[in-house]
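*Asks:* In the order they appear, the protein sequences are chains A and B.
If you're matching positions, the first sequence starts at 1 in the numbering used here and goes up one per residue.
If you're matching positions, the second sequence starts at 309 in the numbering used here and goes up one per residue.
Keep in mind that the hints were calculated from the coordinates and are not lab data.
Hints are supplied without guarantee of correctness; some may be wrong.
Sample of chain A residues lacking proximity to chain B, with all beta carbon distances greater than 10 Å (derived) [to be verified]:
hint, residue
1, 104
2, 134
3, 246
4, 289
5, 295
The calculated lysine-lysine pairs, modelled on DSSO-like cross-linking and capped at a C-alpha distance of 27 Å, are [unchecked claim]:
hint, chain 1, residue 1, chain 2, residue 2
6, B, 544, A, 299
7, B, 539, B, 358
8, B, 544, A, 279
9, A, 218, B, 551
10, A, 218, B, 358
11, B, 511, B, 501
12, A, 184, A, 137
13, B, 501, A, 272
14, A, 178, B, 511
15, A, 279, B, 477
16, A, 27, B, 533
Footprint (simulated), chain B over chain A, 3 or more residues, beta carbon under 8 Å [what the hints assert, rightly or not]:
hint, segment
17, 34 to 42
18, 46 to 54
19, 138 to 146
20, 156 to 169
21, 176 to 184
Note that CB positions come from ideal geometry on N, CA and C, so glycine has one too.
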Amino acid sequence: MAVLVIAEHDGKQLKPGTANAVTAAGKMGGDIAVLVAGHQCGEAAKAAAKLAGVKKVLHCDAPHYEGGVAENLAALIVPLAPNYSHVVAPATGFGKNLMPRVAALLDVQQVSDISAVESPDTFVRPTYAGNVLATVKSSDKIKVVTVRGTAFEAAGESGAAPVETLAPAPDAGLSSFKGQELTKSARPELAAARVIVSGGRGMGSADNFKILEALADKLGAAVGASRAAVDSGFVPNDYQVGQTGKIVAPELYIAVGISGAIQHLAGMKDSKVIVAINKDAEAPIFAVANYWLVEDLFKAVPELTAEL
Amino acid sequence: MKVLVTVKRVIDPYVKVRVKSDGSGVETANVKMTINPFCEIGVEQAVRMKEAGVVTEIVAVSIGVPQCQETLRTAMAMGADRGILVETDADVQPLAVAKVMKAIVARESPKLVIMGKQAIDDDSNQSGQMLAALLGWPQAAFTSKIEVNGDAADVTREIDGGLEKLAIKLPAVITTDLRLNEPRYVTLPNIMKAKKKPLEVVKPDALGVDVAPRLTTLKVEEPPKRGAGVKVADVKELVAKLKNEAKII
C-alpha cells in the first residue's frame, strides 16, 4: 500500500489544505508520495519535501499545468495511480474540480470530503450540510479521496524527502487557462486563519464591511461572509463560508449580522469558540454560539474593536 | 445547439434532516422534496441561453424514483422542452450518474451539458466532472459566467482565491455555482404548459448501464451537538469572557 497526495500550490508555496491531506494520508497506510505539478513550481516541490511523513516528492513542470487545469492534471495522474492504493487531495476548489475527473477515468467512485479515516477502505464524511455523518466503505481497488482540511491537523515540517522529476503528459488541448482575478488582501487566508470575523446580510452594504475589517485587523483575523452577503454584492465570492463555500474551523469565529441558515452553519460549526452578534434575539446562529450578544452590530462592532 | 440539463430530486434544503433510528439512512417519508438548487440554476442558465438565441432545444434529465417526474415537470415549467427520466430505485452514486448521462449524451448528441456543482443531500460534488472525464470533454466546474462563441466558450469559475477564466472547446460539461444566475419563479400557466410537454421514461438496463453502488454506507449518525452557549449583556462582558474563560484573545 502507498498513498499519492496531490499537492495544491501557487508555484512557490503549498496551499494550506495540502499538509492536512498528508496527515489524513498517513492514517490510510503505506508510504506517502506527493505530486507537485504545475508551471514553475520548483519552490512548491521543495516545500512538499519538508512535510513530515512524506517519503518522496514527484515534481512535474509544464506550461499546460498552470492554474491546475483539471483535464491536463488528470491525464498526468491517471497513469501514476495504479502504483498506489490511495490517491488523495484536499477538498478545496482545486481538489473538488480535479479529483472526480481522475476517479472517473480510473472507474472509481470517489469518496468526497472525508472527516475521518476508520480503516484503509472506510471513511467518515459529512452529508446534508454537515447534519449527517455517513460512514462509507469503498469496494474500489484504488481509493480516490478528498480530505476536509479542518478535520485533520496539518503535517509538520520536519521532513527531508527526495524530489524526483517527472516527465509531463501531453497537453490535452481541451481547455486553456486564461488567468485569475484573485482577491487581494493582506489578511490571512480563511482556510488558515486562527480567527475569522464574518458578516452577513445584516451588514447592509459593502461599505459597512469596513467596520468588520477594522475588527479583523485588530485580531489578525481573516474576513468571511455568509452567502446572503456575497449574493448582495457586499464582498467577493471567495469570502463565502458554508456548505458550498469554504469550510472553516478557526479557534475563534465571530459571526456578525448573520442569522445562521443551515447552509452557513455547515461551514463554521466546528470552530472552537463561536461568538454571535445579532440584534434579532431569535437568530438561529445563537444555537451554535458559545457567547452571544443581542445588540445592533453597528454599535457593538466598533465598541468591540475599541475594547481589544 | 442542443443542451442537456440534469435535475436531481432532493430533500428541501430548509427542512431539518433526521437520521433513521436504526442508523441506516435519512428519513425521507413525508419529507418535502424539491429540485436541487444548483440544478435549478442550471435549468435557468439553459433557458436564458435559449431566450438569447444561443440554444435551440433544452432536454432535462433526472435519475431516480418515479416521483422525479415532478422535478422534471418543474424544469419544463421553467422552460425545458422535454424530459427524460432514467427510472430506478437504486442508490445511484456519482460515477453511475456520469455513466447514465454518458449513455444519454450518446443518444441526444448535445453540444453542452449543464449540471449542478453539487447536490445538497450527499454533497459529493463529482458527477459533472466525472461525465466530462468519461466523454473526454472539457469541464468548467463551479461556473459563474459562460459566453458561447461558436464551437468554444469563455467561462468564469469560482475558485478559492477569487475567479478564474478558462477558454474551453465545445462540446463540454459545465457545472453551476451560485452566482451564475438567479432562477425564475415558475408561473401557473407555465406549470400547465409543462404538463403537456413530452416526458420519456427509460431504465438504466435499457441504456446498458450498471448503476450498482461502489460505496456501502455502513451507518449514518448525527454529529455531536455543541454545548449550550452563554448570552452576554454587553461588549465588555464578551471581551472578559473571551479573555478569562475561553482564553482565546
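*Asks:* Tell me the numbers of any earlier hints that the structure contravenes, in ascending order.
*Replies:* 1, 2, 3, 4, 5, 7, 10, 12, 13, 14, 15, 17, 18 and 20
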